[in-house]
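Q: When you get a sec, could you build the whole thing from the sequences and use the hints?
Going by the UniProt record's numbering, the first residue of the sequence shown is number 1, and it counts up by one from there.
By construction, these hints were calculated from the structure, which means they are not laboratory data.
Hints may be right or wrong, so weigh each one.
No farther apart than 25 Å at their CA atoms in a straight line, the calculated lysine-lysine pairs in the PhoX-like style are these [as the list claims (entries may be wrong)]:
| id | residue 1 | residue 2 |
| --- | --- | --- |
| 1 | Lys-47 | Lys-11 |
| 2 | Lys-57 | Lys-20 |
| 3 | Lys-11 | Lys-57 |
| 4 | Lys-47 | Lys-78 |
| 5 | Lys-73 | Lys-47 |
| 6 | Lys-73 | Lys-16 |
| 7 | Lys-159 | Lys-73 |
| 8 | Lys-142 | Lys-170 |
| 9 | Lys-142 | Lys-153 |
| 10 | Lys-47 | Lys-57 |
| 11 | Lys-159 | Lys-170 |
| 12 | Lys-16 | Lys-47 |
| 13 | Lys-78 | Lys-153 |
| 14 | Lys-78 | Lys-159 |
| 15 | Lys-78 | Lys-11 |
| 16 | Lys-170 | Lys-73 |
| 17 | Lys-73 | Lys-11 |
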Amino acid sequence: NQVKVWPKKQKVPAVKLTQKYVILNRIAAANWVPTRHSSDIVTGLGKLIYMIGTGTKFNAGQYIFNQIVQHAKTSVTKQPIAFPTILCEIILSQHPSIRYDGESSKARESTLTIHQKLFSKQHAPDIVGPSNAAADTPMTRKEMIAMLEATCKELDENKLQYERMIHALKLEEAAAEAASAGVEETMSSVDASAEEEEADSEAEEEDSGTSGSGSV
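A: Okay, here's the thing in structure tokens:
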């Protein structure tokens with residue numbers, strides 16, 4: 001009963017969340033729709049955790065699809081991908097060749113933590129994560145170097161994965177084109193054979209007519 005009407009353009013203030021929905025928001029922000037908003041919640045994410053919290057039936061597949069389409073249409077380059085685990089499983093199931101032998105899924109950098117005060121009736125930060133901690137304590141040069149090196153390594157891993165995906169898709173496309181070309185070649189051969197048979201038949205008829213005229 002904290003929010004009477006869902007805002008269309010504004011976000012839902014985090015202070016409006018009860019303990020139950022604060023925990024759901026933490027789970028959603030870490031696994032489903034990544035976000036670093038600590039003082040407010042996007043309306044779409046707010047509706048999602050509300051439907052889950054109240055047990056309301058909804059089309060989860062349509063919601064995931066809409067989130068992916070929305071991400072594809074945006075021009076923002078650093079926006080986190082929604083439902084990354086589900087998308088990863090779908091891609092690996094459809095294109096298993098992009099993974100080399102011995103490779104395994106990357107472990108989560110940091111485990112999902114929920115403040116113990118959320119299980120009591122005391123206030124706790126809504127979003128607790130590395131971004132907030134980093135903002136409170138200035139980083140040293142060594143920490144900055146380590147962070148940048150880790151970021152570069154992650155970008156290289158992502159690039160390699162994308163290259164494998166592109167390679168697998170190109171192989172599938174080449175196979176599809178070859179199969180299509182084979183069908184077209186077969187149809188052309190059938191048409192050519194039919195035309196040759198028709199020409200031979202016409203030639204035989206002409207020869208028969210000529211022979212008949214000579215006999216008369």
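Q: Confirm or reject each hint.
A: We went through each hint and held it up to the structure:
no. : hint              : in the structure
1   : Lys-47 x Lys-11   : 11 Å, holds
2   : Lys-57 x Lys-20   : 18 Å, holds
3   : Lys-11 x Lys-57   : 23 Å, holds
4   : Lys-47 x Lys-78   : 24 Å, holds
5   : Lys-73 x Lys-47   : 21 Å, holds
6   : Lys-73 x Lys-16   : 30 Å, violated
7   : Lys-159 x Lys-73  : 21 Å, holds
8   : Lys-142 x Lys-170 : 42 Å, violated
9   : Lys-142 x Lys-153 : 16 Å, holds
10  : Lys-47 x Lys-57   : 12 Å, holds
11  : Lys-159 x Lys-170 : 16 Å, holds
12  : Lys-16 x Lys-47   : 13 Å, holds
13  : Lys-78 x Lys-153  : 17 Å, holds
14  : Lys-78 x Lys-159  : 15 Å, holds
15  : Lys-78 x Lys-11   : 20 Å, holds
16  : Lys-170 x Lys-73  : 24 Å, holds
17  : Lys-73 x Lys-11   : 21 Å, holds
Figure legend: structure checked against the earlier numbered hints; hints not met, in rising order: 6, 8.
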